[in-house]
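Sequences and hints are given; from them, build the entire structure.
Number of protein chains: 2
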Amino acid sequence: MVSLARDEAEWAPAGTPLAVVRATSPAEVRSVVAACYRHRVPVVARGAGTGLSGGANAVDGRIVLALDRMDRVVEIDPLERIAVVEPGVLKDDLRAAAAKQGLWYPPDPASAPWSTIGGNVATNAGGLCCVKYGVTRDYVLGLQMVTGTGELVRLGRRTAKGVAGYDLTGLVIGSEGTLGIVTEVTVRLRALPPPAITVAGYFSSVVDAGRAVAASAAAGLTPAALELVDRHCLAAVDDWKNMGLSIEADVVLLARFDEPGTAGDAAAERMVACFEGAGATYAVRSTDEEEAEALFAARRLAYPALERLGAVLTEDVCVPTAQVPEMLARIERSARKHAITIANIAHAGDGNLHPLLITDHGDDDARRRAQSAFDDIVADALALGGTVTGEHGVGLLKKPGLRAELSSAVLDLHRGVKRALDPRGILNPGKVIRAGPLDRAAVIARSTSRDAGRGDAAPAGSVNVRAPWRRRRGW
Amino acid sequence: MVSLARDEAEWAPAGTPLAVVRATSPAEVRSVVAACYRHRVPVVARGAGTGLSGGANAVDGRIVLALDRMDRVVEIDPLERIAVVEPGVLKDDLRAAAAKQGLWYPPDPASAPWSTIGGNVATNAGGLCCVKYGVTRDYVLGLQMVTGTGELVRLGRRTAKGVAGYDLTGLVIGSEGTLGIVTEVTVRLRALPPPAITVAGYFSSVVDAGRAVAASAAAGLTPAALELVDRHCLAAVDDWKNMGLSIEADVVLLARFDEPGTAGDAAAERMVACFEGAGATYAVRSTDEEEAEALFAARRLAYPALERLGAVLTEDVCVPTAQVPEMLARIERSARKHAITIANIAHAGDGNLHPLLITDHGDDDARRRAQSAFDDIVADALALGGTVTGEHGVGLLKKPGLRAELSSAVLDLHRGVKRALDPRGILNPGKVIRAGPLDRAAVIARSTSRDAGRGDAAPAGSVNVRAPWRRRRGW
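From first to last, the protein sequence lines are chains A and B. Per the UniProt record's numbering, residue 1 is the first one in the first sequence, and the count goes up by one each step. Per the UniProt record's numbering, residue 1 is the first one in the second sequence, and the count goes up by one each step.
Hint data in this document are derived by calculation from the structure and do not stem from the laboratory. Among the hints, erroneous ones may be present.
With the C-beta cut set under 8 Å, the calculated list includes, among others, these residues of chain A facing chain B [said to hold, decoys possible]:
no. : residue
1   : GLU80
2   : GLU151
3   : GLY174
4   : SER205
5   : ASP208
6   : GLY220
7   : ASP350
8   : THR387
9   : LEU406
10  : GLY416
11  : LEU421
12  : ARG424
For clarity, every value in this text was computed on a predicted model and none was experimentally measured. Idealized CB from N, CA, C, for every residue including glycine.
In structure tokens:
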């Protein structure tokens, strides 16, 4: 039961649901939501629970609606290049089903082996290849979903193009279960890309690596992935998997190019030059696909490897590419200032950084310092023209950040949209934004009694209400 | 004044505005909308007026807000690959400004030399290259706009990724001025693609050409454009420009490939094979870039060339690619059945067809027959799993089609969203969907007195209310 009450954002509070329903059909989802609507009972939808912002965390005494058993690949149409899937299909299962037809579903969050398409839609998941191929929203053509009033509707289309009405499909994508509960997803697929060429660069400082990222953008390169992994991650993966990575570098940049023919070779050569120009201690085009795969595997293992070391608070800021070096420098300063270990993995080519703040389990003082560092990082990202969340979503952890990023007029637009699609506020209340009376009453953490009834207040323990960037914006 | 009262959908009714304001700054736009909000006066925004659905047509006695003088390219950032432009910037002017930095803004409606970015955003404009490169929504990162309550807000971001809150940017794109008035647009740019290779196929029937399109999709080809031009268009362009095209073919398919290096050559060869396999009388990879440009120029000239022949009612249905041959066959049947000339240009690779129904000016009987054919085409597109509008928008001409395509529950969601963003219903009332009291009162055509007050009724003369597809859906 506990595993269905929360996601992987271990710092975000979670309540105890009254009941968990594991739906097996759209009709069942509709029945549950219709009953919740009648009785004004909130409902929290969830997929695999791999989220990192607390978006799927349960609310005390309410319904959790798990969609993991709706896991059928309904259709792959190789001619139209579309797939129709139920929300509980694992991301990598869709990828495998498409690959059998020579097709490819590009979005690739690092959670791809475990996360569901429904969860990917709820958060507009990104991943490694978005720097060239875009995010979930770029691939979803249509949705079937249950509305906040318990009606089963179809949004979007199956055709390549279409402008019949407002883009409600795109609106629901990334809304974290607060505007509708998705029961079927129609995605566009691409032809499988050519085999990729990997370029690795080893750097002695994270800021040098950031400069290499900015240099590659200035050179006009479009890698299919451009990932950064720092020494903390390399060491944690080594400790766990004994791969010997951390001996060779403090920071690794991994780039991939999948242009066909000689164009990929040329791009790889130019990337090597960018790495070297930015001060790489070693930069090379991989000639060994197995070695290249191992490097990307290490990248994907970084998060679980760090989780073995303590409680991990995951950041997800995204800044303009030119600001990557400065943002990385500021993260290092925050780590020193607050005496906290901050590891960095990053979709560096997108400017989407994942500083990971690690504390010993049970060390309350370290936790407070980590929270202060988290607040500093959010403030720095906004100051550099960035956003508080690149791909993980707002959930619970980034609610104060969202209020700092958006103007009050834009927050009002959000509330209006929320009320339009969920008039009784039963869909995942307390997440993303407060919009209705049920949000006010949503008790999310058993330990937050002092915050209960405070409405839009941050969940206890998740965000320091005296954070400097909140003061700056007049909070 | 007349030219500012309507767009190019000559069959859509237009009223006479009380006043036209040609704004020169976001502050002026805000002042106008705030005044309209206070006094509950509708306001119709417009760019260059190249729309084809009547979306920018004036309403009797209300304000037209022209944005064509806000035509500044504010910024091109080659490192972040973004451009910031005012809404009145011409599409081709943005393209030219980007090209100076080696960058490219892909969406390319055939109106690109005359249409504005603001209008492109309002309709989510597509064009020739979307089959590979997507539509306007795929490129817009952020917007500045004036809301229905007269507030100036920023939506979206400048970063590559971001999920902070609902995708209101995407929601406003394609909303045809009914959810906000855009005052600045931030778009992402791409690196300029390599020079394209053109493949031309000549066919003796439009259905054979449709089969070639389906065959190329089945072969897994991803052309950067795949356009169809039929004999009516070829003859009209010949009449006008004397290019000698119609002597050689009944239907031409034009494909472009811009893969780098030899990959483009290989794709072009495979496309020639697809054309020949589907019965092309002649299929060739162009070796002469000037000749290839002339063929695409003819494609772009087709619409204005046909306008010289009579009143043109433009269709914009989009069907699954596999249904392109069947849809083209049904269009031919409709032409015969209603004794109407229907020319076809199509973004065939997207399944986005533009049958053009041509009647003599002043021939009321032909006009009625054309209207019946228009209704049949819409019904056929829906029956084949398509949408009533691929890229032109709903405006006035496709309002009945929208009601046929969307369920009443989804239409209710639209109305809720409209009311959330435009609570007094002052933004372009009477277009897309009826949502508020001002829509009911919106007198769009001076000649529609018998329809005034009927609320969501079709504008007089634009759609036959006895259309068979309306009956089938319970209208």
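Comparing the hints with the structure gives:
1. GLU80: Cβ of GLU80(A) sits 5 Å from chain B, so the hint holds.
2. GLU151: holds, 5 Å
3. GLY174: holds, 5 Å
4. SER205: violated, 21 Å
5. ASP208: With a closest approach of 18 Å, the ASP208(A) hint is violated.
6. GLY220: holds, 5 Å
7. ASP350: Cβ of ASP350(A) sits 4 Å from chain B, so the hint holds.
8. THR387: Nearest chain B Cβ about 4 Å off; hint holds.
9. LEU406: With Cβ-Cβ at 6 Å, under 8 Å, it holds.
10. GLY416: holds, 3 Å
11. LEU421: holds, 6 Å
12. ARG424: At 13 Å from the nearest chain B Cβ, ARG424(A) fails the 8 Å test, so the hint is violated.
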